[in-house]
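Between the sequences and the hints, there should be enough to build the whole structure, so can you do that?
Respectively, the protein sequence lines represent chains E and S. For what it's worth, the working numbering labels the leading residue of the first sequence as 42, then goes sequentially. For what it's worth, the working numbering labels the leading residue of the second sequence as 19, then goes sequentially.
Keep in mind that the hints were calculated from the coordinates and are not lab data. A couple of the hints might just be wrong.
[To be verified] With a straight-line Cα cutoff of 27 Å, these simulated DSS-like cross-link-like pairs (lysine-lysine) come out:
no.: 1; chain 1: S; residue 1: K182; chain 2: E; residue 2: K171
no.: 2; chain 1: S; residue 1: K160; chain 2: S; residue 2: K133
no.: 3; chain 1: E; residue 1: K171; chain 2: E; residue 2: K130
no.: 4; chain 1: E; residue 1: K130; chain 2: S; residue 2: K182
no.: 5; chain 1: S; residue 1: K133; chain 2: E; residue 2: K171
[To be verified] Residues from chain E shown here face chain S by an in silico Cβ test under 7 Å; the list is partial:
no.: 6; residue: F140
no.: 7; residue: A141
no.: 8; residue: N147
no.: 9; residue: A174
no.: 10; residue: R179
no.: 11; residue: Q223
Here the structure is a predicted model, which is why all the values come from computation and not from measurement. For glycine and all other residues, C-beta sits at the position ideal for the given N, C-alpha and C.
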Amino acid sequence: MRVLGISGSLRPDSYNTRLLRAAAELAPRDVELELLESPRLKAVPPYDEDDDNGAAPAAVAQLRDTIAGADAVLFATPEYNSSVPGQLKNALDWVSRPFATNVLRNKPVAVVGASAGAFGAVWAQAELRKVLAAMGARVVDGELALGHADTRFEADGSLADEEVRGELSAVLDVLIAEARPQPVAQAA
Amino acid sequence: MSTSTVEKRNTLPTGDWSLDSVHSQVGFEVDYHVGTFRGSFSPVTARLEVADDGSARLTGSAPVTGVRVQDENLNAHLLSPEFFDAERTPEITFESSEVTQSGDEIEVRGELTIKGTSLPVRARGTVGEQAEYGERPYFGLKLEAQVDRTQYGMNWNNPLPNGKPALANDVTINAELFWTRS
Numbered sequence: 042m043r044v045l046g047i048s049g050s051l052r053p054d055s056y057n058t059r060l061l062r063a064a065a066e067l068a069p070r071d072v073e074l075e076l077l078e079s080p081r082l083k084a085v086p087p088y089d090e091d092d093d094n095g096a097a098p099a100a101v102a103q104l105r106d107t108i109a110g111a112d113a114v115l116f117a118t119p120e121y122n123s124s125v126p127g128q129l130k131n132a133l134d135w136v137s138r139p140f141a142t143n144v145l146r147n148k149p150v151a152v153v154g155a156s157a158g159a160f161g162a163v164w165a166q167a168e169l170r171k172v173l174a175a176m177g178a179r180v181v182d183g184e185l186a187l188g189h190a191d192t193r194f195e196a197d198g199s200l201a202d203e204e205v206r207g208e209l210s211a212v213l214d215v216l217i218a219e220a221r222p223q224p225v226a227q228a229a
Numbered sequence: 019m020s021t022s023t024v025e026k027r028n029t030l031p032t033g034d035w036s037l038d039s040v041h042s043q044v045g046f047e048v049d050y051h052v053g054t055f056r057g058s059f060s061p062v063t064a065r066l067e068v069a070d071d072g073s074a075r076l077t078g079s080a081p082v083t084g085v086r087v088q089d090e091n092l093n094a095h096l097l098s099p100e101f102f103d104a105e106r107t108p109e110i111t112f113e114s115s116e117v118t119q120s121g122d123e124i125e126v127r128g129e130l131t132i133k134g135t136s137l138p139v140r141a142r143g144t145v146g147e148q149a150e151y152g153e154r155p156y157f158g159l160k161l162e163a164q165v166d167r168t169q170y171g172m173n174w175n176n177p178l179p180n181g182k183p184a185l186a187n188d189v190t191i192n193a194e195l196f197w198t199r200s
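Have a look at this one:
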């Protein structure tokens with residue numbers, strides 16, 4: 042089982058990237074949680090429909106391949122102006138094409154978020170779930186809103202609070218369960 | 019080619035009937051924004067068994083991937099987990115539990131399964147004219163039912179600028195069924 046972690050932050054020391062690293066540490070042994078390196082997100086050019094007419098830019102093609110190769114995707118998003126960071130949304134706009142066959146269609150995805158403020162990027166998370174569902178992804182119910190993120194990590198990057206670790210594990214469990222082979226409902 | 023209408027009977031004719039899927043239509047309508055959004059399913063398969071005592075049993079199914087709307091992106095949205103979830107629940111099925119007639123009006127109660135959820139529905143309609151072309155009898159049946167899509171786990175919506183939801187919850191399913199003797 043391969044889970045791809047995508048942080049919506051481009052900062053090397055981002056709280057959301059740290060949250061995904063903590064998730065990787067908590068993942069069950071048979072689950073490999075690999076993070077998309079932030080320079081790869083940063084390399085995605087602005088979406089221009091006039092540029093979307095054949096071979097995708099290299100950064101986009103590689104991002105699509107990486108997502109296609111994952112069984113599930115765990116997003117961790119910061120929040121800017123009550124919404125999803127522009128570069129993450131921009132990358133998803135590229136990934137969503139062609140719409141009917143995009144690589145996130147039917148892909149199990151979960152969304153968590155961290156912010157230095159009190160609310161843990163809840164509004165950005167809600168918007169990201171909406172965007173992912175519109176793209177056809179299988180958005181799971183689990184959530185984690187990590188507020189006051191500047192106080193939540195130990196020096197080694199691990200989550201300081203046992204309860205938060207449990208919540209993150211729970212999100213991961215729901216996501217992994219969704220990504221396991223599912224029986225297809227048969228007609229009676 | 020000789021064609022003749024042998025009789026007009028507006029009650030369910032006895033026997034086993036198969037759906038002429040080319041001439042039948044199963045569609046849906048739902049209020050969207052300032053108008054109505056419509057789609058249909060093709061192919062649909064169905065069977066109708068009418069016993070001598072007038073009791074009847076109607077069963078049918080349609081693959082979810084057969085949903086047809088006027089835009090391929092909307093089609094893709096309908097197949098996604100937000101709506102029908104074609105990957106996990108590829109089929110819609112119906113099975114009647116009770117069919118009652120009064121004049122040429124008909125009521126069909128049964129269980130409609132969409133997205134893995136089975137719920138009771140009541141369809142009402144009319145039995146159409148029966149005709150025989152060559153040696154093959156045909157007759158028509160129109161049915162209409164209302165379902166609440168959110169009860170089937172289809173909860174997508176977006177608020178309009180006036181704050182009202184863009185898409186209604188109540189969906190009308192209408193079926194124009196063209197039967198031939200099995």
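Find the hints from earlier in the document that the structure breaks and name them by number, from lowest to highest. none
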